[in-house]
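J.: Add chains B, C and D to chain A, keeping to what the hints say.
There are 4 protein chains.
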Amino acid sequence: MTKQTYTTGLGTSNADSITLLGHDLASELLGKTSFGELAFWLITKKRPSKSELVMFEAVLTALADHGFTPTAIAARLTYTSAPDSLQGALAAGLLGGGSRFLGVTEDCAKFLADTLHAHTSKEPGARLPTNEVGWDELAASVMAARKQEGKFVPGLGHPVHKVQDPRTPVLFALSREHGTYGPHLALFEAFGRVAPRVLGKALPLNGAGVCGAVLADLGLPMGVLRGVALLARCAGLLGHLVEEQTDPIGIDVYMNVDRNIDYQPPPR
Amino acid sequence: MTKQTYTTGLGTSNADSITLLGHDLASELLGKTSFGELAFWLITKKRPSKSELVMFEAVLTALADHGFTPTAIAARLTYTSAPDSLQGALAAGLLGGGSRFLGVTEDCAKFLADTLHAHTSKEPGARLPTNEVGWDELAASVMAARKQEGKFVPGLGHPVHKVQDPRTPVLFALSREHGTYGPHLALFEAFGRVAPRVLGKALPLNGAGVCGAVLADLGLPMGVLRGVALLARCAGLLGHLVEEQTDPIGIDVYMNVDRNIDYQPPPR
Amino acid sequence: MTKQTYTTGLGTSNADSITLLGHDLASELLGKTSFGELAFWLITKKRPSKSELVMFEAVLTALADHGFTPTAIAARLTYTSAPDSLQGALAAGLLGGGSRFLGVTEDCAKFLADTLHAHTSKEPGARLPTNEVGWDELAASVMAARKQEGKFVPGLGHPVHKVQDPRTPVLFALSREHGTYGPHLALFEAFGRVAPRVLGKALPLNGAGVCGAVLADLGLPMGVLRGVALLARCAGLLGHLVEEQTDPIGIDVYMNVDRNIDYQPPPR
Amino acid sequence: MTKQTYTTGLGTSNADSITLLGHDLASELLGKTSFGELAFWLITKKRPSKSELVMFEAVLTALADHGFTPTAIAARLTYTSAPDSLQGALAAGLLGGGSRFLGVTEDCAKFLADTLHAHTSKEPGARLPTNEVGWDELAASVMAARKQEGKFVPGLGHPVHKVQDPRTPVLFALSREHGTYGPHLALFEAFGRVAPRVLGKALPLNGAGVCGAVLADLGLPMGVLRGVALLARCAGLLGHLVEEQTDPIGIDVYMNVDRNIDYQPPPR
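Chains as they are written, first to last, in the numbering used here: chain A, 104 to 371; chain B, 104 to 371; chain C, 104 to 371; chain D, 104 to 371.
Certain hints may be false.
No copy labels: a pair is met if it fits in one copy or bridges any two.
Unchecked claim - Listed next, the in silico DSBU-like pairs over lysine-lysine satisfying Cα-Cα at most 35 Å (straight line):
#, residue 1, residue 2
1, K265, K149
2, K213, K225
3, K225, K106
4, K148, K304
5, K148, K225
6, K135, K250
7, K149, K304
8, K106, K265
9, K265, K148
10, K304, K153
11, K135, K265
12, K106, K254
Hints were generated in silico from the structure; no laboratory data involved.
Nothing here was measured: the structure is a model prediction, and the numbers come from that model.
In isolation and in its complexed conformation, chain A is listed as follows (with noise of 0.2 Å):
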């Protein structure tokens, strides 16, 4: 059943023009849509609302950039080794947005999604919270639940912002001033204030977390989460990149490295 025809809705051409999403490239996108508005168009298929694309640039803003992560160092000492690639320096440095790096966003919002999905299907007629007393609830009861698996709650702490992250409250009132806080981060929010109540102690909402709760609830595809991260982080990288190629580390890093090894080889 092998198909011979190939399907997509994105851009396609002949000698005349070229279309991309169904509109005319030339006369109707260049110079009059930004480039997040394409991209969030390229990934739902779905021309973003005003208040949807602030939304979804106030994540890739998030995501963009973090200073010396290992995904930009990997970035920058691929282009010490191979500048004539910067594609493979791009490459390695996305390689690198997987699960423990990228992937809160991702693996927060599967977890909010997921839990929705079974609270309202769990019995006919379950519908979801209408206030925070609700939501409370609702969180404190999955929250203790895992507790007692052993497991944590995606998106809860954070490495370096212990009492709280900067994003987090902006990215929660920017979500209400443009109307687009729905059930993921109103499901998330809820999970924050329960915490001390329900772990004993205080733990704060991790901003990439918060993130994947906004995409979510600008309905993007659970599957292009990871996605949307890569994308913000594809700018990131290539700052590094243009400052690699003016004012490089790569170098440093790697000397600093192989000069202080500690050699154990397998016994012979």
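T.: Structure of chains B, C and D alone, referenced to chain A:
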């Protein structure tokens, strides 16, 4: 002389705050900067003016997706084979961003910049042309010299848009409208005008080449122009990967190749 | 507790000598070790016996190339697009080495190891079977339990070799001949024997799965089994890239897709 | 003229058999070919002689690992960040296999091949030297010409092994012993002999450069020499990734960079 500190001007953080490009991320950037603006800023260390941003985003829009390019197909096949690693599929797609496909943007910009530099450094007091006649003269002499060496001018001609690349007139018009039309665009436009006279046939200015000239006139460093094309393509590839999740073609591409093998083993 | 020194037991060098795995590279290894032997040694920190090496190289041979797999096509398309970066094309090919295609080797080995571990740790004094009847009993009970959960046994069945994977009997025979046949192979073989009885139909033992069992019986760490498959595939991909240099198919794959687009733009 | 069939001479299969390089994988190759032999065969489409294989494997051994190179560190950092994707970490490491680090092998071989070609095609009947005096004469004239152009001879000198690269004399001796010493090695050796006279100082022949000359004398296509270095490095990187699983350094590298930031934001 290995340094023990590592310089960056991008992101950094402490327990209470996150700083990006010298600004407080939470209070000064989130919700207040578009992703295109941030990307320009990360790459150039300079916040773009409104006009610069329109042109930068027009370029990103022009380069984001061209349908089933080899890079898009490679990304989709990689996803087919390793759906657990979205970052791997994205990286595979970006790795095709080399000399042949995405290279026009960079090659064209470099050629224009080198030509301008050679002209002004040829003799003391040499200046760039100030009118169309002057640009045509410069373009014609350079083009004639290359013709004699059997070399072409990068960015002239397009495999599909044989008469006119539809992006080209719009990008020129936008550059004029937004006041970012500079010597790279002027020289490239002149190459288009003199081609019939010097080469004996009209050749369209490749839109990806115009993008290179636009970015060069915006002052972006040459070494990162390929990176801008990669950032644009990152958005397009994410669109392809979402389509691959919902309406896959990877398996069909694979089967249509694998069922039509012409097996030519080496002699035994 | 960040360490300031970096431990390795692989390579190191000073002005006069290069050391690899605790041996002098120049006088003790060059011309005296095969590449397969070195790879086994680098991965396990143990020089293989002659028998271990035969089995390790048989696995590498079995996994090196399967013709136009998605990964081989992705590598070739990437080379088409960026011929200046052989490493990028190779990396793109390896990035497909994930859960679906190369994953069988790893998944099968892990499943076998987990099953063996569960059996021996179930009760004090529990031992592995010592004869075929015992292995069949263990295999049948595990397979029946998985069937009830709606799960399959990794490594059973093959999309092309529906009756028998031709690699399978040879790998079993070689393992017996070389004395490396151990509990992972014994259990896997038993799954094959009991399948008709438990599942109601015979299923061939996938050769890539047998490779996983062979490597597990050789004592390779589970975390690197996918890496062995990647090393094998690295050689195959280089073969494809040389073919792409001399007798390219990338452009044809691209054109045959790009000319058969079914364009389905999103609603405006 | 797009082709509808796809040519390969590597692997293919049907329901009953798997063919590799025109041989039945199960009955003719498994257990009967070493991995090094298979790799040579896949790349060149020619089964190596015993002598060719020794030299090929000596090169792979010489290039497999150099400790904490930028590529090894990049692979480890990528694993730190995305431990779920071994293939991504391996790919990141290989992406550093570009012009600067792994490039010597390829650059040196190409330079030697170009020099030999230029010499024999200079005039009708021109032949390669037949003794040391002749080789020295050729080497000295080429080296003097390059010196005048301000260019160096690729493969001369080594950042660590300033007097002698320990791999160099062994590789030359092995080539002589196995009868694979040809014009590329002869010319490279001559460059080493004449350097003191022409450049005024002795420069060691870089071992990675000798590897390039060995591979060229074995008749490997120039376009794949970088690939041989990548295959060798693949084994070394797997060793590093196993070490990263058991005795990690990635987090320490990251922390030692991230704690020593010199933050230089752009002017506001």
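J.: Determine for every hint whether it applies to the structure shown.
T.: Outcome of the hint check:
| no. | hint | result |
| --- | --- | --- |
| 1 | K265 / K149 | between (37 Å within a copy, 32 Å between copies) |
| 2 | K213 / K225 | both (18 Å within a copy, 34 Å between copies) |
| 3 | K225 / K106 | neither (39 Å within a copy, 49 Å between copies) |
| 4 | K148 / K304 | neither (42 Å within a copy, 41 Å between copies) |
| 5 | K148 / K225 | within (31 Å within a copy, 52 Å between copies) |
| 6 | K135 / K250 | neither (50 Å within a copy, 38 Å between copies) |
| 7 | K149 / K304 | neither (41 Å within a copy, 43 Å between copies) |
| 8 | K106 / K265 | between (53 Å within a copy, 23 Å between copies) |
| 9 | K265 / K148 | between (38 Å within a copy, 30 Å between copies) |
| 10 | K304 / K153 | neither (38 Å within a copy, 46 Å between copies) |
| 11 | K135 / K265 | between (42 Å within a copy, 26 Å between copies) |
| 12 | K106 / K254 | between (44 Å within a copy, 29 Å between copies) |
Hints 3, 4, 6, 7 and 10 from the earlier list are contradicted by this structure; the remaining hints agree with it.
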